[in-house]
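Sequences and hints are given; from them, build the entire structure.
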Amino acid sequence: MMYLSPKLQITRAIQVAIILFVFPLLMLQGCGKEAQKTSSESTCAFSSLTWDATTEDMIAEEGEDYETYDSIYKGLTYTYPKEFQGHTGMIKYMYDADGRLCNMSWAYTGTTADELQKIYQELCDAIAKDHGEGTTEDGVGNLCRMWVLKNETVMANAVITDDTKVMQIAYMRADVSKQKNQ
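In our numbering, each number is its position in the sequence shown, counted from 1, plus 90.
If you are wondering where the hints come from, they were derived from the structure by calculation, not from laboratory data. Where a beta carbon is used, it is the ideal one built from N, C-alpha and C, also for glycine. Please note that a few of the clues may not be correct.
Said to hold, decoys possible - 27 Å max Cα-Cα, derived BS3-like pairs, lysine-lysine:
#1 K208 x K255
#2 K219 x K268
#3 K255 x K172
#4 K219 x K240
#5 K255 x K219
#6 K268 x K164
#7 K172 x K208
#8 K219 x K172
#9 K268 x K240
#10 K208 x K219
#11 K240 x K164
Unchecked claim - Label pairs and their computed distance ranges (CB to CB):
#12 T251 x T178: 15 to 25 Å
#13 G222 x G153: 29 to 39 Å
#14 Q175 x G231: 20 to 30 Å
Here it is in structure tokens:
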């Protein structure tokens, strides 16, 4: 386990708060179709893992220098520092209680609102190039775009306030990112 400076601890706390509170709420707002059976393929831009990947597969790809905490899927979340498109952020692999990979996400904390908006837009443009425009759910201080694909749901989310400048791109396996119609 590595030591985190107080500044990095605060940054991580903000990222965790977004993952645990804001992100699941946004995910539930955009989900409404019955889940489809998924294959193991993923279009994840920052990882080559498939939805069938075990923790051993993840460790083989990312290494053993990880931290863990409980995931929203009742399993463990593994975190690694990871550079993506020239920006160093944090990659997260979330597993459920049965050891299934449910979510792969990359979070980045920016220094300015302009910087974060630029990175967010670049990522959204790249995803839209492959998957279409997606659905936009922007709010005050919050940017959100979502793409519901056959095997997964992709969500880009940014929170930009005076105190917080963080964004995340997440790939969620289809059967955990959709609710059944009620």
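Hint by hint, here is what the structure shows:
no.: 1; hint: K208 x K255; in the structure: 12 Å, holds
no.: 2; hint: K219 x K268; in the structure: 23 Å, holds
no.: 3; hint: K255 x K172; in the structure: 18 Å, holds
no.: 4; hint: K219 x K240; in the structure: 17 Å, holds
no.: 5; hint: K255 x K219; in the structure: 25 Å, holds
no.: 6; hint: K268 x K164; in the structure: 17 Å, holds
no.: 7; hint: K172 x K208; in the structure: 19 Å, holds
no.: 8; hint: K219 x K172; in the structure: 24 Å, holds
no.: 9; hint: K268 x K240; in the structure: 11 Å, holds
no.: 10; hint: K208 x K219; in the structure: 16 Å, holds
no.: 11; hint: K240 x K164; in the structure: 24 Å, holds
no.: 12; hint: T251 x T178: 15 to 25 Å; in the structure: 22 Å, holds
no.: 13; hint: G222 x G153: 29 to 39 Å; in the structure: 35 Å, holds
no.: 14; hint: Q175 x G231: 20 to 30 Å; in the structure: 23 Å, holds
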